[in-house]
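Protein sequence lines, in the order shown, are assigned to chains A and B.
All residue numbers for the first sequence refer to the working numbering, where the first residue is 3 and numbers rise by one.
All residue numbers for the second sequence refer to the working numbering, where the first residue is 3 and numbers rise by one.
Calculated from the structure, these hints are not laboratory results.
Being a predicted model, the structure only gives us computed values, none of them experimental.
Just to be clear, a hint being listed does not mean it is correct.
[Claimed, not checked] Going by beta-carbon spacing under 7 Å, a handful of chain A positions derived as facing chain B:
| id | residue |
| --- | --- |
| 1 | VAL13 |
| 2 | TYR34 |
| 3 | GLY76 |
[To be verified] Once the Cα atoms are required to be at most 30 Å apart in a straight line, the calculated DSSO-like pairs of lysine-lysine come out as:
| id | chain 1 | residue 1 | chain 2 | residue 2 |
| --- | --- | --- | --- | --- |
| 4 | B | LYS35 | B | LYS210 |
| 5 | B | LYS132 | B | LYS210 |
| 6 | B | LYS35 | B | LYS132 |
| 7 | A | LYS217 | A | LYS63 |
| 8 | B | LYS37 | A | LYS217 |
| 9 | B | LYS210 | B | LYS37 |
| 10 | A | LYS63 | B | LYS210 |
| 11 | A | LYS217 | B | LYS210 |
| 12 | B | LYS37 | B | LYS132 |
Backbone N, C-alpha and C define an ideal beta-carbon position, used for all residues, glycine too.
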Amino acid sequence: MPGYVQVNSKVVQVPVAPGREVLARRGAMLAYTGQVTFRPVTAAQGIPGMLGRVVAGETVKQMVAEGSGQVFYGHLGLHLTVIDLTPGESLQVEADRLLCHDASLTSSVHFLGQQGGIRGAVRGAMSGQGLFTTQLAGDGSAVVLAHGGAIGLQVTPGRVVAVDPQAYVGHRGQLSVDVTAKVGWREAVGRGSGEAIQLRVQGQGVVYVQASEQKF
Amino acid sequence: MDAPLSPVTLPVDDNINPYAFCVDLQGEWFLHKGKMIAYYGQMRFEALTVASVSALVAAHFSSPLYADDWVVATGVGKLVLGDRGFDINSYDLDDGNLTVRAANLLAFETRLELLQSIVPGFLTLLGTGKFLASSNGPVIFAEPPIRVDPEALVGWADCPSPSYHYDGHWMTQNLVGLLRGAIGIVSGEERQFDFTGAGTVLIQSSEKTMADPAALRMMEQQITALSQAEKVHLHRFLGTQLTQ
Numbered sequence: 003m004p005g006y007v008q009v010n011s012k013v014v015q016v017p018v019a020p021g022r023e024v025l026a027r028r029g030a031m032l033a034y035t036g037q038v039t040f041r042p043v044t045a046a047q048g049i050p051g052m053l054g055r056v057v058a059g060e061t062v063k064q065m066v067a068e069g070s071g072q073v074f075y076g077h078l079g080l081h082l083t084v085i086d087l088t089p090g091e092s093l094q095v096e097a098d099r100l101l102c103h104d105a106s107l108t109s110s111v112h113f114l115g116q117q118g119g120i121r122g123a124v125r126g127a128m129s130g131q132g133l134f135t136t137q138l139a140g141d142g143s144a145v146v147l148a149h150g151g152a153i154g155l156q157v158t159p160g161r162v163v164a165v166d167p168q169a170y171v172g173h174r175g176q177l178s179v180d181v182t183a184k185v186g187w188r189e190a191v192g193r194g195s196g197e198a199i200q201l202r203v204q205g206q207g208v209v210y211v212q213a214s215e216q217k218f
Numbered sequence: 003m004d005a006p007l008s009p010v011t012l013p014v015d016d017n018i019n020p021y022a023f024c025v026d027l028q029g030e031w032f033l034h035k036g037k038m039i040a041y042y043g044q045m046r047f048e049a050l051t052v053a054s055v056s057a058l059v060a061a062h063f064s065s066p067l068y069a070d071d072w073v074v075a076t077g078v079g080k081l082v083l084g085d086r087g088f089d090i091n092s093y094d095l096d097d098g099n100l101t102v103r104a105a106n107l108l109a110f111e112t113r114l115e116l117l118q119s120i121v122p123g124f125l126t127l128l129g130t131g132k133f134l135a136s137s138n139g140p141v142i143f144a145e146p147p148i149r150v151d152p153e154a155l156v157g158w159a160d161c162p163s164p165s166y167h168y169d170g171h172w173m174t175q176n177l178v179g180l181l182r183g184a185i186g187i188v189s190g191e192e193r194q195f196d197f198t199g200a201g202t203v204l205i206q207s208s209e210k211t212m213a214d215p216a217a218l219r220m221m222e223q224q225i226t227a228l229s230q231a232e233k234v235h236l237h238r239f240l241g242t243q244l245t246q
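One chain only, chain A, in its complex shape:
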């Protein structure tokens, strides 16, 4: 079964077959061939992880594509990146930026900067970064949206990467993300560098950043 095919930088072609359903952001379907039906998914229908999402306030509505055929997805003319996951690997991405993924992937909601407990969560809120990220795990593919495409940065033990919260798209692998705030008197008087709040990523894996500090 061929996987996700990137038609151009902004459109992905996804095969759908029985047993290979695809979850996608609602309204992101551009076109499809074959016999495919779309069904909105809500927490009530018991898709694993959906209830948690609703509780967590992740309001991105999703739909599932069923049947057999090819579906084209794209959203707002944003660049997209296909990320293939192997069993045992997990991808954390902000729900806003998730275009579509195999329904076979298990999704759950995580705190960003959970290592810091409540403090980390508060920092997450402070940085304007979504408090919650969606974690995808299993065998399959996911597509993430980003201004100008997502750039993967390798993180290895001993090589820490600092990322601007607005440019952060997601990460995969065994990584810990910590929100650091270096707020001094300069920020207080409005003469800061604008880079006071950063995400420090360490461990083993890949962190994805976009070529813009604009969120959507």
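Based on these hints, arrange chain B on the given structure of chain A.
Leaving out everything else, chain B in the frame of chain A:
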């Protein structure tokens, strides 16, 4: 940094980059208002209502609804066009027909004939010649049978006009959708354009459409067909919409 372009180095009827196009003007082109970004040479831009171009307009531009939004460029020189940073593609028609979303059509040669499609918001081009269309992201060419999100559709060529396909599954699974469907309001999610037959369908890379300046005028024209009671109903409906 590339060297600055001059009339000699500007491409002839080709893209300068994905977002700008240079037309080698020798005569006349129909042009969407406000899409000219620069030109070299001697050119005049005239509204379609000007007497000097009236014969041309009568023969090649049979869409009074859109006449306000178009001008005729006359002269000789290099004309650079752009459209809000959207991708621009040129298409060559060879004794063919192509229907394109009015908001996406940028310019066309006067050899072509423009007609208003019966699908609201779309224009049909007939004949032989070149035209330019913009799109949000690159255009994908697909062959029927295919179903396309109405917002993502740029146009179609050589195949029969599309029909609506309603996804009943979506409506029945979505309580809100069902309720709305019953009272005639659709969210658009369950509705697609269904293409059959042989031809080509043009799809843009986003479901975000460009505003169609004629949409309002089109509705105004349709309102004249309503009875007095229906107009009162519409008035009330608009009133509730505005207060929401």
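Against the structure, the hints come out as follows:
1. VAL13: 5 Å, holds
2. TYR34: Constraint on TYR34/A satisfied, holds at 6 Å.
3. GLY76: Holds - the Cβ of GLY76/A comes within 7 Å of chain B, reaching about 5 Å at its closest.
4. LYS35/B with LYS210/B: 21 Å, holds
5. LYS132/B with LYS210/B: Roughly 26 Å separates the two Cα atoms, so the pair holds.
6. LYS35/B with LYS132/B: Holds. LYS35/B to LYS132/B sits at ~18 Å (cutoff 30 Å).
7. LYS217/A with LYS63/A: 18 Å, holds
8. LYS37/B with LYS217/A: OK: LYS37/B and LYS217/A at ~29 Å, within 30 Å.
9. LYS210/B with LYS37/B: 20 Å, holds
10. LYS63/A with LYS210/B: Cα-Cα ~17 Å, so holds.
11. LYS217/A with LYS210/B: 17 Å, holds
12. LYS37/B with LYS132/B: Distance ~17 Å between LYS37/B and LYS132/B Cα, so the pair holds.
The structure is consistent with each of the numbered hints, conforming to all of them.
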